[in-house]
Amino acid sequence: DAMVIQNPRYQVTQFGKPVTLSCSQTLNHNVMYWYQQKSSQAPKLLFHYYDKDFNNEADTPDNFQSRRPNTSFCFLDIRSPGLGDAAMYLCATSRDRATYEQYFGPGTRLTVT
Amino acid sequence: AQSVTQLDSHVSVSEGTPVLLRCNYSSSYSPSLFWYVQHPNKGLQLLLKYTSAATLVKGINGFEAEFKKSETSFHLTKPSAHMSDAAEYFCVVSEADSWGKLQFGAGTQVVVTP
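Protein chains in written order, with the working numbering: chain F, 1 to 113; chain U, 1 to 114.
Incorrect hints may have been included.
To be verified - For the chain F half of the interface with chain U, some residues (derived, Cβ under 10 Å), not all of them:
1. N7
2. R9
3. V31
4. S40
5. A42
6. L45
7. Y49
8. E101
Claimed, not checked - Quick list of simulated restraints, FRET-style, between CB atoms:
9. Q14(F) <-> S80(U): 34 to 40 Å
10. G82(F) <-> S9(U): 38 to 44 Å
11. D8(U) <-> F73(F): 35 to 41 Å
What the hints assert, rightly or not - SDA-like mimics (lysine to any residue), calculated; alpha carbons at most 25 Å apart, straight line:
12. K58(U) <-> D85(F)
13. K44(F) <-> A86(U)
14. K69(U) <-> L46(F)
15. K49(U) <-> T111(F)
16. K42(U) <-> M83(U)
17. K49(U) <-> P114(U)
18. K42(U) <-> L46(F)
19. K68(U) <-> P114(U)
20. K42(U) <-> Q41(F)
21. K52(F) <-> A106(U)
22. K49(U) <-> R97(F)
23. K49(U) <-> L21(F)
24. K101(U) <-> P18(F)
25. K44(F) <-> M83(U)
26. K42(U) <-> D53(F)
27. K38(F) <-> N70(F)
28. K101(U) <-> L46(F)
29. K69(U) <-> V19(F)
30. K44(F) <-> N28(F)
31. K49(U) <-> A106(U)
32. K49(U) <-> D85(F)
33. K42(U) <-> D96(F)
34. K49(U) <-> I5(F)
35. K42(U) <-> K69(U)
36. K49(U) <-> Q65(F)
37. K42(U) <-> T20(F)
38. K68(U) <-> A98(F)
39. K52(F) <-> L83(F)
40. K68(U) <-> K42(U)
It is worth saying that the hints were derived from the structure and are not from the lab. Positions of the beta carbon are idealized from the N, C-alpha and C atoms, including for glycine.
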């Protein structure tokens, strides 16, 4: 009965080689979020989708893009990964915005070689 | 503007003893407050939430937290720690006018010793 699913759980990519991380949800929630979490730090919001409306955080690098083809799926694309992009990437969903709790997936651990 | 301060970066407790994780918040509006737990290499799991109902909030796995507006605190407690409670804990605030954006504290690492 997994609710927020992320694939793969572990991803290794080469410096500069594009990579895509996947998130799907069975909750039918309107909002989907992508966070970056580096070691021993709190998660940092990259962007979110409110339905089809894309919202980028001001400090999210242009190297990071996202797609949401339908309600259930959301993708994180890293166009040219650098060593500093190695992190855990967390997907989350919420029923709506405005103080509804967020449900997190298990994360994808990205390694850049 | 909203912010969260977790007063302890590390807490070590013995199994069977109480756990106290301290959190203070700053918020311009009526906040919603959450505690999340993260086990190693896992996602975040919601422990409990406060959304302006009862000030004492009970969560999963025996955790509870008390919202104290006068002290701007939302401390997390558990009467008796289990080995499985060893994890990172995040105190999180969300304001009604911030479209639900979560502001995370820096986290508290809990170690449970036998």
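These are the hints, each one checked on the structure:
1. N7: Hint on N7(F): violated, closest Cβ of chain U at ~13 Å, above 10 Å.
2. R9: Result: holds, 9 Å to nearest chain U Cβ.
3. V31: The hint holds - V31(F) has a Cβ within 10 Å of chain U, the shortest such distance being about 7 Å.
4. S40: Constraint on S40(F) satisfied, holds at 8 Å.
5. A42: 4 Å, holds
6. L45: Since the shortest Cβ distance to chain U is 7 Å, the answer is holds.
7. Y49: 12 Å, violated
8. E101: Since the shortest Cβ distance to chain U is 5 Å, the answer is holds.
9. Q14(F) <-> S80(U): 34 to 40 Å: Taking Cβ atoms as reference, Q14(F) and S80(U) lie about 48 Å apart, which means the hint is violated.
10. G82(F) <-> S9(U): 38 to 44 Å: 28 Å, violated
11. D8(U) <-> F73(F): 35 to 41 Å: 39 Å, holds
12. K58(U) <-> D85(F): Distance ~37 Å between K58(U) and D85(F) Cα, so the pair is violated.
13. K44(F) <-> A86(U): 23 Å, holds
14. K69(U) <-> L46(F): Since the Cα atoms of K69(U) and L46(F) sit roughly 31 Å apart, the hinted pair is violated (cutoff 25 Å).
15. K49(U) <-> T111(F): 33 Å, violated
16. K42(U) <-> M83(U): 17 Å, holds
17. K49(U) <-> P114(U): 29 Å, violated
18. K42(U) <-> L46(F): 19 Å, holds
19. K68(U) <-> P114(U): 32 Å, violated
20. K42(U) <-> Q41(F): With Cα atoms ~14 Å apart, K42(U) and Q41(F) stay inside 25 Å; holds.
21. K52(F) <-> A106(U): Distance ~31 Å between K52(F) and A106(U) Cα, so the pair is violated.
22. K49(U) <-> R97(F): The hint holds at about 15 Å.
23. K49(U) <-> L21(F): 29 Å, violated
24. K101(U) <-> P18(F): 28 Å, violated
25. K44(F) <-> M83(U): Violated: K44(F) and M83(U) sit about 28 Å apart, past 25 Å.
26. K42(U) <-> D53(F): 28 Å, violated
27. K38(F) <-> N70(F): Cα-Cα ~28 Å, so violated.
28. K101(U) <-> L46(F): 11 Å, holds
29. K69(U) <-> V19(F): Roughly 45 Å between the alpha carbons, so the hint for K69(U) and V19(F) is violated.
30. K44(F) <-> N28(F): 24 Å, holds
31. K49(U) <-> A106(U): 18 Å, holds
32. K49(U) <-> D85(F): 31 Å, violated
33. K42(U) <-> D96(F): Given pair K42(U), D96(F) holds - Cα atoms ~24 Å apart, limit 25 Å.
34. K49(U) <-> I5(F): 23 Å, holds
35. K42(U) <-> K69(U): 32 Å, violated
36. K49(U) <-> Q65(F): It is violated: about 31 Å lies between the C-alpha atoms, which goes past 25 Å.
37. K42(U) <-> T20(F): 19 Å, holds
38. K68(U) <-> A98(F): Holds - the C-alpha atoms of A98(F) and K68(U) are around 22 Å apart, at most 25 Å.
39. K52(F) <-> L83(F): The given pair, whose Cα atoms are some 31 Å apart, is violated under the 25 Å limit.
40. K68(U) <-> K42(U): 30 Å, violated
Checked against the numbered hints above, the structure breaks hints 1, 7, 9, 10, 12, 14, 15, 17, 19, 21, 23, 24, 25, 26, 27, 29, 32, 35, 36, 39, 40 and satisfies the rest.
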